[in-house]
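Novice: Chains as they are written, first to last, in our numbering: chain C, 58 to 391; chain D, 63 to 152; chain A, 127 to 229.
To be clear, the hints were calculated from the coordinates, so they are not data collected in a lab.
Among these hints, one or two may not hold up.
Calculated pairs, DSS-like style, for lysine-lysine (alpha carbon to alpha carbon, straight line, at most 25 Å) [stated by the list, open to error]:
id	chain 1	residue 1	chain 2	residue 2
1	D	LYS87	A	LYS193
2	C	LYS81	C	LYS137
3	D	LYS87	C	LYS315
4	D	LYS87	C	LYS137
5	C	LYS81	A	LYS222
6	C	LYS81	C	LYS138
7	C	LYS138	D	LYS87
Covered, in the sense of this in silico footprint (three residues per stretch, anywhere, with C-beta under 8 Å from a C-beta of chain D), are these stretches of chain C [what the hints assert, rightly or not]:
id	region
8	68 to 80
9	84 to 92
10	98 to 108
11	127 to 139
12	285 to 295
13	305 to 315
Pair by pair, the computed Cβ-Cβ distance ranges are [to be verified]:
id	chain 1	residue 1	chain 2	residue 2	range
14	C	ALA106	A	ILE168	49 to 59 Å
15	C	GLY320	A	TYR160	48 to 58 Å
16	C	ALA316	A	THR131	33 to 43 Å
17	C	PRO173	A	THR161	29 to 39 Å
18	C	ARG79	A	THR161	39 to 49 Å
19	D	ALA65	C	ASP171	24 to 34 Å
20	C	ALA106	A	PRO157	55 to 65 Å
21	A	THR131	C	SER139	22 to 32 Å
22	C	LEU104	A	PRO157	22 to 32 Å
The model shown is predicted, which means the values in this text are computed figures rather than measured ones.
C-beta: ideal position from N, C-alpha, C; glycine also.
Below are the chains, spelled out letter by letter.
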Amino acid sequence: MELLVNISLLFMLSLTVIAVVRLKSLFAIVMLFGIYSLLSAMIFIALDAVDVAFTEAAVGAGISTVLMLATLVTTGRWEKKSSRSSFLPLLIVSITGAALVWGTLDMPEYGNPDNPAHHHVADRYIEQSPEEIGIPNMVTSVLASYRGFDTLGEVIVVFTALIGVLSLLQVRTPPSVAETPLRNENRKLSRPYPVLQVVALVMMPFIILFALYVQFHGDFGPGGGFQAGVIFAVAFILYTLTYGLDDALALTPVSVLKALAAGGVLIYGGTGVVSMLLGGNFLDYNVLSSNPVSGQHIGIIVIELGVGITVASVLICAFYAFMTRALPDQGQKG
Amino acid sequence: MFATATIALLVIMCLALVRAFRGPKIFDRILAVNMFGTKTVLLIAVYGFLTGRPEFLDLGIFYALINFVGVIAALKFIERLEFYDEREER
Amino acid sequence: MDVVTDLISWIFLGLGIFLGLTGAFGLLRFPDFYTRVHAASISDTLCTACFIFGLAFQSGFNLVTAKLFIILILLWLTGPAASHALVRAAHTAGLKPITENSD
Numbered sequence: 058m059e060l061l062v063n064i065s066l067l068f069m070l071s072l073t074v075i076a077v078v079r080l081k082s083l084f085a086i087v088m089l090f091g092i093y094s095l096l097s098a099m100i101f102i103a104l105d106a107v108d109v110a111f112t113e114a115a116v117g118a119g120i121s122t123v124l125m126l127a128t129l130v131t132t133g134r135w136e137k138k139s140s141r142s143s144f145l146p147l148l149i150v151s152i153t154g155a156a157l158v159w160g161t162l163d164m165p166e167y168g169n170p171d172n173p174a175h176h177h178v179a180d181r182y183i184e185q186s187p188e189e190i191g192i193p194n195m196v197t198s199v200l201a202s203y204r205g206f207d208t209l210g211e212v213i214v215v216f217t218a219l220i221g222v223l224s225l226l227q228v229r230t231p232p233s234v235a236e237t238p239l240r241n242e243n244r245k246l247s248r249p250y251p252v253l254q255v256v257a258l259v260m261m262p263f264i265i266l267f268a269l270y271v272q273f274h275g276d277f278g279p280g281g282g283f284q285a286g287v288i289f290a291v292a293f294i295l296y297t298l299t300y301g302l303d304d305a306l307a308l309t310p311v312s313v314l315k316a317l318a319a320g321g322v323l324i325y326g327g328t329g330v331v332s333m334l335l336g337g338n339f340l341d342y343n344v345l346s347s348n349p350v351s352g353q354h355i356g357i358i359v360i361e362l363g364v365g366i367t368v369a370s371v372l373i374c375a376f377y378a379f380m381t382r383a384l385p386d387q388g389q390k391g
Numbered sequence: 063m064f065a066t067a068t069i070a071l072l073v074i075m076c077l078a079l080v081r082a083f084r085g086p087k088i089f090d091r092i093l094a095v096n097m098f099g100t101k102t103v104l105l106i107a108v109y110g111f112l113t114g115r116p117e118f119l120d121l122g123i124f125y126a127l128i129n130f131v132g133v134i135a136a137l138k139f140i141e142r143l144e145f146y147d148e149r150e151e152r
Numbered sequence: 127m128d129v130v131t132d133l134i135s136w137i138f139l140g141l142g143i144f145l146g147l148t149g150a151f152g153l154l155r156f157p158d159f160y161t162r163v164h165a166a167s168i169s170d171t172l173c174t175a176c177f178i179f180g181l182a183f184q185s186g187f188n189l190v191t192a193k194l195f196i197i198l199i200l201l202w203l204t205g206p207a208a209s210h211a212l213v214r215a216a217h218t219a220g221l222k223p224i225t226e227n228s229d
C-alpha cells in the first residue's frame, strides 16, 4: 500500500514537471510549482522525514510561490520564445547526465544500511542523543546542538539574503498620519474583498498561536525555529494581501523588523559567546546549567527562538520589499 | 478502509492535476491547485491513520494554511495584471 | 461497539469518497470556469467534513481528534472564502460565463 502511494506520488510529480516544461504561461508554471512542492512534501512524509516535509511545504508551496508571483507582476508573465536551436544544450546535458549516471556505478549500493554515509556520525546521534540532549525529536537535537554551528551559518545566510533584497528593492514608506483620514475614506468606498478581510482577521490570532506552538513544540514533534518563523510570516503576508501594504507597514514597521532580524542572529551567536564565557566551547550548551542535559534544553530553546525571530522578520521584510514593487499604489486604490 | 480512502484521494488528486494542466484559463488552474491542496491535507490525515501513526496532523493544519495564502496571493496579483487578456493560457 | 463505530466511519468515508470523486469529475468535465467552481467548491466542504468525521470515529476522543477538527474548521473557513475570491477575481477580470445566448 505504501509502495502504491509512493509510486503514484512520484508519477504525479513527474507529470507536473513535464507540464511545467511544456507550458508557456509563467503564472501557470508558478501555480504548478505549488503543486510540485505539496507533492514532494507528501513524499517526504511518506519517507518519515516530517521536519523536511514541514520546511518544504513552508518554503516551496508558501513563501516562494508568493514571492515568484510578486516578481511576475513586476516583470512579465509569458515565457520568451528562444530562437536558437536546442540541439547543442541537449547534447551537453545528455553527456553530463550519462557521466553522472556512470559515476554512480562506483557508489555504494543504494539503500544499503551498511553504507558509510549511515555510520559516519549517525550511529552516535541515534544512540547518544537521548542521554546527551534528552529531547524526543532527534532532528532538533542534531540541528540545534550537534550541528549548531552549521545552523548558525544558515541563519546568517538568511540574514544576508535580507540585506541583499533590501539593497536591491526598497520598502515603501507608509503615508503620513495627515493623509490617513482621506485614505480611510477611500478605502471604505472600495473595499476589495470584505469576506477575505474578515476571514483573515479571524485566522490571524490562530496562525500566530500555531506558530508559537510549532516554535516551542519543536523539541517534541516536527517543527522548530525555521518552520515557526515561516508560519509567523505567513500570518503577516495574509494580512498584507487582504488589507494592503500600508496597513501592514503601520502594524510592523520595517525598522523594527530589521532590528529583529539582526537580534535573532545576535541571540544565536550570543548563546555561543555565553557558553564560551562559562568555560565551554562555542555553542556548547552543557555549561549553561549545572546539569548538562538541562543546559542543552536551555540552549536549544534559546537558539530556536533566535532562529524563529530572524526567519520571521526576514521573510516579512523581504515580502514587503517585493510588494512595494508589485502593488505600488494600493493604498490609494483601496 | 483507509487504503480505499487513500486510493480514492489519489485518484481525485490526479483528476485535479489534469484540470491544472489543461487550464484553459489561469483561474481554472488556481481552482485546481486549491482543490489539490485540500485533498493533500486529507491525504496526510488518512495516510497517518493508514500507517498507524496519526501524529503528523500539524502538517495538515499547516498545508491548509499555506494553500489558502497561496491562492489569495495568486488572485491578488492577477488583479494587478491590467493586461489580462482572453488569450488562451498555453 | 467496535463494529458500530467502524460502520459509522465507513459510511462517512464512503460518502466523502463519493463527494470527492463527484467534485473532481465536475472539475474535469464541466464546460466553463464558473460551473467548475460550482462543482468543486460545493462538494469540497461536505467531502472534507465526511472524511474528518470518518477519521474521528476511528481515533476516538483524544488529541488527534482535536487536531482533525482544527483542520476541519480551517478548511471550512478557507475553502469557501477562496472560492468566493476566485469567482470574484474572475468576474472582475472579465471572464464571461457561458449563458444560453452565447455560442
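Novice: Each hint: holds or not?
Specialist: Now the hints, each set against the structure:
1. Our distance criterion of 25 Å between C-alpha atoms is broken by LYS87(D) and LYS193(A), whose separation comes to about 36 Å.
2. Distance check on the hinted pair: LYS81(C) and LYS137(C) sit about 8 Å apart at the alpha-carbon level, within 25 Å; holds.
3. For the hint pairing LYS87(D) with LYS315(C), the CA-to-CA distance comes to about 40 Å; that exceeds 25 Å, so the pair is violated.
4. About 19 Å separates the Cα atoms of LYS87(D) and LYS137(C), which keeps this hinted pair within 25 Å; it holds.
5. With a C-alpha separation of about 23 Å, the suggested pairing of LYS81(C) with LYS222(A) holds against the 25 Å cut-off.
6. Our distance criterion of 25 Å between C-alpha atoms is met by LYS81(C) and LYS138(C), whose separation comes to about 9 Å.
7. Using a Cα cut-off of 25 Å, the hinted pair LYS138(C) and LYS87(D) holds, with the two alpha carbons roughly 21 Å apart.
8. Restraint check on the region 68 to 80 of chain C versus chain D: 5 residues with Cβ-Cβ distances below 8 Å, three needed, restraint holds.
9. Given a C-beta distance limit of less than 8 Å, the hint that chain D covers the region 84 to 92 of chain C holds, as 7 residues qualify and 3 suffice.
10. Given a C-beta distance limit of less than 8 Å, the hint that chain D covers the region 98 to 108 of chain C holds, as 5 residues qualify and 3 suffice.
11. With 4 residues bearing a CB less than 8 Å from a CB of chain D, the region 127 to 139 of chain C meets the requirement of three and the coverage assertion stands.
12. Coverage of the region 285 to 295 of chain C by chain D holds in this model, with 4 residues showing a Cβ closer than 8 Å to a Cβ of that chain against a need of three.
13. Under a criterion of three residues with beta carbons nearer than 8 Å to beta carbons of chain D, the stated coverage of the region 305 to 315 of chain C fails, only 0 such residues being counted.
14. At roughly 36 Å, the beta-carbon separation of ALA106(C) and ILE168(A) lies outside the given 49 to 59 Å, and the hint is violated.
15. At roughly 49 Å, the beta-carbon separation of GLY320(C) and TYR160(A) lies within the given 48 to 58 Å, and the hint holds.
16. Under the hint 33 to 43 Å, the C-beta atoms of ALA316(C) and THR131(A), about 54 Å apart, miss the expected range.
17. Checked against the given bound of 29 to 39 Å, the beta carbons of PRO173(C) and THR161(A), roughly 58 Å apart, lie outside it.
18. Separation of ARG79(C) from THR161(A) is about 26 Å and departs from the stated range, judged on CB atoms against 39 to 49 Å.
19. Look at ALA65(D) against ASP171(C): about 33 Å separates their beta carbons, and that is inside 24 to 34 Å.
20. Between ALA106(C) and PRO157(A) the beta carbon distance is about 42 Å. The supplied range of 55 to 65 Å is therefore violated.
21. About 60 Å separates the C-beta atoms of THR131(A) and SER139(C), a value inconsistent with the hinted range of 22 to 32 Å.
22. For the hinted restraint 22 to 32 Å between LEU104(C) and PRO157(A), the CB-CB distance of approximately 40 Å leaves it violated.
Of the hints listed earlier, those the structure fails to meet are numbers 1, 3, 13, 14, 16, 17, 18, 20, 21 and 22, in rising order.
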